[in-house]
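*Asks:* Using the sequences plus the hints, can you model the full thing?
Number of protein chains: 2
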Amino acid sequence: MAISTKIVNLLFGRPLATSEERAEHIGPIAGIPIFGLDALSSAAYGPEAALTLLIPLGMLGVQYIVPVSVAIVILLAIVYMSYRQTIEAYPRGGGSYTVASQNLGTGPGLLAAAALMIDYVLTASVGISAGVGALISAVPSLQPHTLELCLAVLLILTLVNMRGVHDTGVVFMIPTYLFTGTLLIVIAVGAVQTLANGGHPHPVAPMPAMPPATVAFAGWWLLLKVFSSGCTAMTGVEAVSNGVMAFRDPTQKNAKTTLTIIIALLAILLLGIALLCRAYRIVATNPDGPGYESVLSMLTRAVMGHGWFYYVTIGSVLLVLALSANTAFADFPRLTRAIAQDDYLPHVFLLRGRRLLYSWGIYVLVFLTASLLIIFGGVTDRLIPLYAIGAFTAFTLSQAGMVMHWMRQGNAPVRMFVNGLGATATGITTLVVLVAKFVDGAWITLLLITAMIVVMRAVKWHYARVNRAIDLDRPIIPADVKEPIVVVPIDRWTRITEKALSFALSMSTDIRCVHVQVGDEPDSISRDWDKEIVQPLCDAGRCIPKLEILKSPYRYVLMPVIDYVLEVEKQSRFQKICVLVPELVVTHWWENLLHNRRADLLKVLLLVRGNQRIIVINIPWYLDKRTVTPPAH
Amino acid sequence: MAISTKIVNLLFGRPLATSEERAEHIGPIAGIPIFGLDALSSAAYGPEAALTLLIPLGMLGVQYIVPVSVAIVILLAIVYMSYRQTIEAYPRGGGSYTVASQNLGTGPGLLAAAALMIDYVLTASVGISAGVGALISAVPSLQPHTLELCLAVLLILTLVNMRGVHDTGVVFMIPTYLFTGTLLIVIAVGAVQTLANGGHPHPVAPMPAMPPATVAFAGWWLLLKVFSSGCTAMTGVEAVSNGVMAFRDPTQKNAKTTLTIIIALLAILLLGIALLCRAYRIVATNPDGPGYESVLSMLTRAVMGHGWFYYVTIGSVLLVLALSANTAFADFPRLTRAIAQDDYLPHVFLLRGRRLLYSWGIYVLVFLTASLLIIFGGVTDRLIPLYAIGAFTAFTLSQAGMVMHWMRQGNAPVRMFVNGLGATATGITTLVVLVAKFVDGAWITLLLITAMIVVMRAVKWHYARVNRAIDLDRPIIPADVKEPIVVVPIDRWTRITEKALSFALSMSTDIRCVHVQVGDEPDSISRDWDKEIVQPLCDAGRCIPKLEILKSPYRYVLMPVIDYVLEVEKQSRFQKICVLVPELVVTHWWENLLHNRRADLLKVLLLVRGNQRIIVINIPWYLDKRTVTPPAH
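From first to last, the protein sequence lines are chains W and R. Oh and the first sequence: position 561 is 565 in this note's numbering, straight run, nothing missing. Oh and the second sequence: position 453 is 457 in this note's numbering, straight run, nothing missing.
Rather than coming from a laboratory, the hints here were simulated on the basis of the structure. Don't take every hint at face value.
Since copy identity is lost for identical chains, a pair holds within one copy or between any two.
[What the hints assert, rightly or not] Calculated lysine to aspartate or glutamate pairs in the EDC-like style (CA-CA distance at most 16 Å, straight line): (1) K503 - E571; (2) K257 - E92; (3) K607 - E587; (4) K550 - E536; (5) K535 - D477; (6) K550 - D475; (7) K503 - D475; (8) K503 - D477.
*Replies:* This is the structure:
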């Protein structure tokens, strides 16, 4: 026990008391890695998802990435303004679920809840698969092991997260700043080269051969799909407003500073990547085929060459993408807890583990993420169409909720307008993404959201029903309770039997001892009954228990007892039936293998087949603990 | 429930009452397949195991198979005479375990038990692997799937056996007679051809190319190994004497007739195969290499050609070999039951399932067989060195026991001599096999036998200890029992709480309600306590329960309750402590997912950490079953 506890402490950290919670709170320096990883790392797969759709246009397609990226950054700015206001209005953490359900009602709240849950699972899946994608770009021989690598990363993440948010922040800080730093250097050097070469610099390292263009120009439909895929770059920006409470005092100011830095960095990365791709004429490669190389990998090689800097950059991209899944680990359990608090999810999500974490949220997230990775083989490009729908649905509902919030407050027309603009912009985007990506996979997300809303409503219905059934608004009725009927299953005359029978005698005068006779075996109890039990009790002037012998032709031992108890219950009208279950308790778990555990099964069967009047009393008899004998009187 | 019961009945047959047992008994016609499959099918792998060792001698090696086979058949005749006498002396079934432990004492009895258990597991494993080996000889493209085929056969066998011994006999009868019939025809035709061609007939179909001889003549050591491997052909002959009780009246006569037929057939098959192999110059092929073909397959092709008769023969060999494992399925559960009756194995082996079978014996056999097949890749040749040790150890002990049996009876010098001869012959063979095969795998068997004896002694020790602890040879002491202290864990004021508290009031006047306050959550019970509980009970002149609020900084809910109960137990000297565990019982299993099952965990923890004075009372509250309210008085 002691050693296993030590191992658990080493892996997951020592248990934390509730009063230690404050110590987990963080400032912007630690907040950017924790809440910004998802948003910032989106820069690694968002532009790539857009460029992949432009492959058929060949070199011509690269032209379109700049206007699409500008549109995305404008949308990002609108969403940023909106979320700043959410942080101000909800200092205790205003996730889309909270904001939507408080301001728009249950229906939109549940829609936001379902959308967000799916979004977090996809955040984890896409983060991991894109990180492994970066690794494969640098080491192509690993491509056949994509899925195994994804699952290994998920396992490491789980272990790290089971230690809690504070330690996690420390682990993630270095890769995040390395990622942002190296990419900013690539963009700066690339910009200088571009200006020095009149807009068309020469790549330092050779680029892959470009496939011939098969389409001459991009139609509106294609551009909508490109925009929809590119919008995955915006996922994760809501993380800060959900987690306001994790920041240290001054909480709101720290949260807003963190959000501003994250959004500014993301905008620079998106525009920088788009401009450099156009300048260096970088066309995406087919993510399913051999010779796949990610856009960031090509870009870094083109600007900086295939040296040590390339490997540092790709290393940090791998780490940050994989760790971006951490946003989901930080927020999914918080979200499920909030939903469970409103009775829409099972209450296990309310239990905080030894490290102040909502452990069950983590378990469910890990299970769902692993399932998605396995189903889609760990390929980012197949997961992208499912993504973004959830995020943008939640954005829209959250901001629509904020509009209602300001409307109720009154006197805040500017704030109402800002959130209204945000809601409109993200609402339109949601529809665009849904339509453009429907056949490619958005239908799966839609189906899942519907299913989850149904489940959440069913859970709520169940809890409401239980509460109606057990709620009691009257005082206890101090009625005299009739003596119970006590049923004692006995095998043969042992100390275990004696203990149970003695307790029965202290409870009631109506005692029925039942003995199951299997097949034609001789029963030893009939022989001992008169001598060991009836006679001494008679002499002492005590009431005499009845002995019932139950025959069992099919060799079942427990069913005859259950049937007898139910029969007794039927015949008595108002008495409680107490079934005494004598049980041998051994010291070591493996000793249980030597006993048939009938007592356990009997307890379970009585519970399942019983009713309000049947009460199970467990009389344990410990093999290695001696009884203190009461003094004779 | 009803549909699942129907499916179970369809797969495994309807449940049988104990009184239907007699209907399972059989005569020689059904007895030969059931008890003879193992012995007869040994003819398919015994000669092959011997011939495989002679491969290095090339054509020269074939000469040695006839004298070795004659030696084995002489040994077989001695063992046969011995076992006839066992059947006479033990009409209720005289397995080696019974005979050895009754006549030689506990030590030899346990040695026999361990040896037999291992032997049965190997019977099942070798039967299945050799059967699949025959299939591979006929369809070489299946060789890569050897292990999967073995496990599939094991699964089918398990299903068939779960139906019970009677149905099993019917299923196995046709393949057994087909196998014996076709092989006898091959031997007859081959004998005629040999005589017609002056001792050296020409094979009808072409034989595989023979590898060149690498050794010029066989030394004594090689011949001992050949004999040891060939002895695997004798495994299984004890099956009839173990299962005498399964025969119908006249039981002993039927059993003896069955044994005689089985032994006679086996002797003919062994000698016939040996003579034909010499006549047709058939050299074994390497069982691990490509192009493996079993000896029986080559022999049948040589005599009868590669036509339909060949496929019928190989089909019946496959079936019979696979089904020979059935001896183990019939006898292993009987053996473990006999051992468990003497308290040397866990008592689960005594439980008879719905079809009068000792189901746990079957489960354990299947598990061990599957493990062996997986470890040794389903290749017969790798399993052979482990085999035979167990069988011959059991033969020896059984016959030595019979010598003691006759010695005690007196006046049976001839019978004593017969069994003494048997014991001596098989004892020498055991030593030969152990020495010759030690490095190749017999050490594994020796190690397993030792380990099993240790385990069986430990199990016996535990049961003896429990019986000493619980046995009671005095009558009940009708002492007045002091009122118990009742502890009721409560959460908030609900109908569930009310039911528990009402029951507590009927049991004792010393009631302690405990409420665990997690973190800084406000507790609702303090608010309701005076109004809903104290006041009404006070007005009715009843005793007032105490309310204890337990703080829990680490958010554990159950540990504070356990600690409190143990503290109360420590402070009171002789009173029993009754812990009332209120529990919500839902209708559907999935509803349990919505409740945290704390009651179950509390019950288990109380049992593990409790002692003789702590009693757990489960007060179930059913969500969907209405209480009958007692009439007011």
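*Asks:* Run every hint past the structure and note whether it holds.
*Replies:* Structure-based check of each hint:
1. K503 - E571: neither (25 Å within a copy, 22 Å between copies)
2. K257 - E92: This pair counts as within: shortest intra-copy Cα distance 9 Å, inter-copy 97 Å.
3. K607 - E587: The answer is both: 10 Å in one copy and 13 Å across copies each meet 16 Å.
4. K550 - E536: within (14 Å within a copy, 40 Å between copies)
5. K535 - D477: Result: close only across copies, 11 Å inter versus 53 Å intra.
6. K550 - D475: neither (40 Å within a copy, 22 Å between copies)
7. K503 - D475: For K503 and D475, only the inter-copy Cα distance (12 Å) is at most 16 Å; the intra-copy one is 38 Å.
8. K503 - D477: The answer is between: 14 Å across copies meets 16 Å, while 40 Å in one copy does not.
The structure does not agree with the numbered hints 1, 6 stated previously, though it agrees with the rest.
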